[in-house]
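As they're listed, the protein sequences go chains A and B. Here the first sequence is numbered in the numbering used here, starting from 1 and rising by one per residue. Here the second sequence is numbered in the numbering used here, starting from 1 and rising by one per residue.
Please keep in mind that the hints were generated in silico from the structure rather than gathered at the bench. Possibly wrong hints are sitting among the right ones.
Which bits of chain B does chain A cover? Going by a derived footprint, with three or more residues having C-beta under 8 Å, they are [to be verified]: (1) 42 to 56; (2) 181 to 189.
Take a look, some chain B residues computed to stay more than 10 Å from chain A by CB distance [claimed, not checked]: (3) Asp13; (4) Phe31; (5) Ala32; (6) Phe70; (7) Val101; (8) Arg122; (9) Met211; (10) Leu268; (11) Val296; (12) Met307; (13) Met308; (14) Asp316; (15) Gly320; (16) Ala332.
Taking lysine-lysine pairs in the DSS-like style, the calculated list, with each CA pair at most 25 Å apart, reads [as the list claims (entries may be wrong)]: (17) Lys285(B) x Lys399(A); (18) Lys230(B) x Lys399(A); (19) Lys133(A) x Lys171(A).
The model shown is predicted, which means the values in this text are computed figures rather than measured ones. Heads up, the beta-carbon is just placed ideally off N, CA and C, and yes, glycines get one too.
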Amino acid sequence: MGNDAVFRVDGLRKSFGHIEVLGGVSLDLHAGEVTVLMGANGAGKSTLVKIISGVYERGGGTMQLVGQDFAPQEFAPNTPAEAIRAGVVTVHQNINDGVVADLDVATNLTLDRLSGRGAPTLFNPGRVRSEAKAVADRMGLAIDLKARISDLSLADRQMVAIARAMAHQPKVLILDEPTSSLSSAEADRLFALLDRLREQGVAILYISHRMSDIRRLADRIVSMRDGVISGVFDRKPLDYEGAVNAMLGRKIHLDRIVARNSAKPVLTIDGLRIAEGARPISLMLGDGEVVAVTGLVGVGKTALAETLFGVRKPLSGTMVLNGKPYAPGSTGEAIAAGVFLVAKDRADSGIVGDFNIQENISLPFHKRMSRLGVLKRRLERATARRQIQELGIVCRSEKDEMSALSGGNQQKVMVARWMSQAAKLFILDEPFQGVDISARRDIAAKLRASANGRATLLFVTELDEALETADRILVMSEQTIVGEHRNADIDLERLLAEVAGGPLHSAA
Amino acid sequence: MSSGWVRMAAPRDHAIRYGFIVLLFGLIGYFAIAADGFVSPQSAVFIFQSVAITGVLALGVTATLVVGGFDLSIGSVATSAMMAAAYVMVVLEQNAVVAVVACLLIGAVVGLINGWLIVYMRVPDLLATLGMMFLLVGLQRIPTEGRSIATGMTMPDGSVANGTFGAAFLALGRHRFDFFVPNLIPVSVVVLLVLAVLIWFFLEYTRFGRMMYAVGSNERAAELAGAPVKAYKIWAYVISGVFASIGGILLAARLGRGDIASGNNLLLDAVAAALIGYAVLGAAKPNAFGTAVGAVFVGVLLQGLTMMNAPYYTQDFIKGVVLVVALVFTFALSGRGQR
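In isolation and in its complexed conformation, chain B is listed as follows:
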């Protein structure tokens, strides 16, 4: 048995390590052949844009996964931030900076409350953040009595909101940088890349990131090694909340209004990206690089399916299948999950 294991180990290791990267390139290759126009600058822009927002959210939720938690409220934090940005600029007639600061504050406060509920009130992470999700979905509708926010809308008290989205704010979602091809890289993608590198460096190279992994793996051992475990957990949720609110800012900037109906898929896509990230390079744990690859994977998949004219209602199903396959990769094949 042991000699057989040694012989089997190498190819098996390779399958676990590179399986998902190979799958990603296979997917791109398949769409390149099967879907007309998949290999084009326009298509790349679509992919980048859809990846950017889910990617930012996924990086945030990765931080909570690292400490052994989970954050289901990210989608609703993002839409709340979007509504808040619109409200601040359109109704309160403030400038872009105020809007951005307000959004970040909302994210940080929600993260603090999540962390407090989980650490001090001992509510299980899934339930605490689920409750927060419902709360925010409801809360974001109250100021406008359930209406979307756009310039010129009539407020509940009969007055007309005359504020506008500032040009600087809209640029966050709409401006594109030249990159070989003119107008290729949206600002949101640059934001994603910066945040990805930041969180990757933080988790892999700083002592805070290292200790977060320790907390996620063995909380008691981390505490007996002198770590303020509660603070680390709360910080993880604050990171998650702030990242989600950044996602919301990008969403508002892209849409140019506070759309009550948008952002439904954010949670599912972001969680899928983060969990697919477990399988990338055989990490078998939450990690920033894997999450980024996972986000690209989801983006490519959706864009490819759209260009092959797959009906929209099949997309969630296919995403789900991919997620389940990725989880099997992580937990069954690598044998890590059994511990």
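Looking at chain A on its own, in the form it has when it is part of the complex:
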């Protein structure tokens, strides 16, 4: 297809404070081509998109938008509106950011014109409808223009958001994980629309983790890791496993782990289904064992963690914990049964900002730390001090505010919280996110050293983290477990193929 680069990014840099998020990213987008951008959390994808769409200011480098006459024009948007006017349009991940729920489809499709410069002061419903109809027709959009957005399905809202974006007739369209909340039938409609746009010569940058999307759409794949482009794949047939590999990296520190086996089952899961249409999960976790579940974002890792912890209910299946049936109806029940979860995203789901270290550590165990409802403060303080020692949390005292701690130390407090009491099943969802390398090593070492007497289950996207920490590695894809590996002489090719959801596993 077209070899003419429509949009060119060269040496783009961005730092927040002294943390470099983009370390010189160069990227070309071509007319009539879908370029898929892959990258794990924190790889810098969102930052890149936000710079291109004018939300963030860039720290360095250049961006060029090539017009029809091939005269490169400097492209440096300072606001999202400028980027749109220049012809670069972004549909953000959160669908509801792209549409106004209380207005009808026609108004949404023409919203930018109503708010733009030179927009008429008076609102002319007839003209709005005819303009909206023109936009909808061009997209092949079959949605009632009078329907309210809030009455539409997520897929239809997504279509409206994209159609609205396309009303600007952009040269470049950026889609940030557009299918993350769509069903596969809904996604198919989106793909048909994207095919149409591709034929119209739009350069599309498509950000996704879903391998099925990528296989369906990609003309090229660009992998990102740690703020730089780690691989470009454009030779047909596309090397999907190579792309996953480039995204997850494989700087393996060989044989740091002596994988253990466990005979004594702690948790047995039988026929557990966590999503509509997903194949059931069956597995066994043993005493003293550290098991990592890996897989791309959105394959159901958090859903499985939350099911085990009683946040959500499985569609079917049974669980047995230490010989007794286990079906938690709430987080409180899970904790009482000895199942603890260090939740993903500590700022949102873990840290109580108004509490100091000591109060954060004791949070789930108030009942065990009180008599007649009155907290035993001395016990609380002693526990906190012990845990600070155990995990090597760097702080002045157990009374320090959480905001005074570094990300790594905050995470250590979260782990310390749940390790302050004995667990039967200890679950950690992305425990190494936003954690520096030394804290990550400390936490992993602590998990392994204390593993006896419980089963430990780790959910991680980054393969390195699984290889560094676990005795056994399970691979998740499409809301189910698709592979199992003992962490010794691992067949990485097969593991990566499973992560990428390739044909290798579907035969198995």
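Once you've looked at the hints, dock chain B against the given chain A.
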């Protein structure tokens, strides 16, 4: 920048920590000099009495602030309880115990409904309790067709209400204990002190209070730590409703009748006391001790202004100014609000 911060931190911390206490004593000192008779037992009684009712209401609303909510219905719960007490004793001719129980029930039920609206119907707290406020202001007028309730009043159906406020009930508002000076401490102040200590202990020392603070600070983290978050929120509104109804009982006992026009300032004064409480001792969060100090602050301010013959219509303005200053103390100076 960081070294400058360390040098600045100490005096700044002290200003935030003790600023409002110093201000309170400064205010007392100023009124003592400027207003004749401010330092007298009679004046103290007035302050105590005015503090008692707003203080009880403020302690209740503190509980909702702790879980990250707000209760605008406290003033109308108090006046509804007052009207109910009068109705039970004067019209239904029941005794004091029945009246008190009826009031407490009203407070608990209103709190439950508020909590249900907010937690299960997902109405934002301010709007739910605002709606409840309007509802109660209207409801309390219906049984008597908008008239105040007093012994000997004529009912809508032409009969005469012959019940009376029991002596025991009136004592709640009028009896005073000796404290160095005879007849100094009203019963209502004792009620306030007991409730203040109770709620202070509950919030600071029990696991339920601790978890309420956790719910207010990070609801999801509290839920993932095993807390029944919905129940905690509903309980906070029940506490608020019950405390407001206790305030209403004290009000009825002081007035000796069900006065349809009284209690207009209760909401404003109580909310001001609770919010001023944020600034006391640099807590930067709702807390029982701060609320009590806030209530005294408002009481001293009003009594002082009254004794200096400041016109009544300037009082709300001055209260508002003090409240705004207290909020600046809490949110800007302590830097907590930015999170």
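Now the hints, each set against the structure:
1. 42 to 56: violated (count 0)
2. 181 to 189: Per the Cβ count (0), the hint is violated.
3. Asp13: holds, 13 Å
4. Phe31: Phenylalanine 31(B) is indeed farther than 10 Å from all Cβ atoms of chain A, at 35 Å.
5. Ala32: holds, 37 Å
6. Phe70: holds, 17 Å
7. Val101: holds, 25 Å
8. Arg122: holds, 15 Å
9. Met211: violated, 6 Å
10. Leu268: Since the minimum Cβ distance to chain A is about 27 Å, leucine 268(B) lies beyond 10 Å and the statement holds.
11. Val296: Holds, because the least Cβ-Cβ distance between valine 296(B) and chain A comes to about 25 Å, which exceeds 10 Å.
12. Met307: holds, 40 Å
13. Met308: Given a closest Cβ separation of 39 Å, the condition holds.
14. Asp316: Non-interface label on aspartate 316(B) holds, nearest chain A Cβ at 32 Å vs cutoff 10 Å.
15. Gly320: At about 27 Å from chain A, glycine 320(B) clears the 10 Å cut-off, so the statement holds.
16. Ala332: holds, 17 Å
17. Lys285(B) x Lys399(A): Holds, at roughly 17 Å.
18. Lys230(B) x Lys399(A): violated, 29 Å
19. Lys133(A) x Lys171(A): holds, 22 Å
Of the numbered hints given earlier, the model fails hints 1, 2, 9, 18; all others are met.
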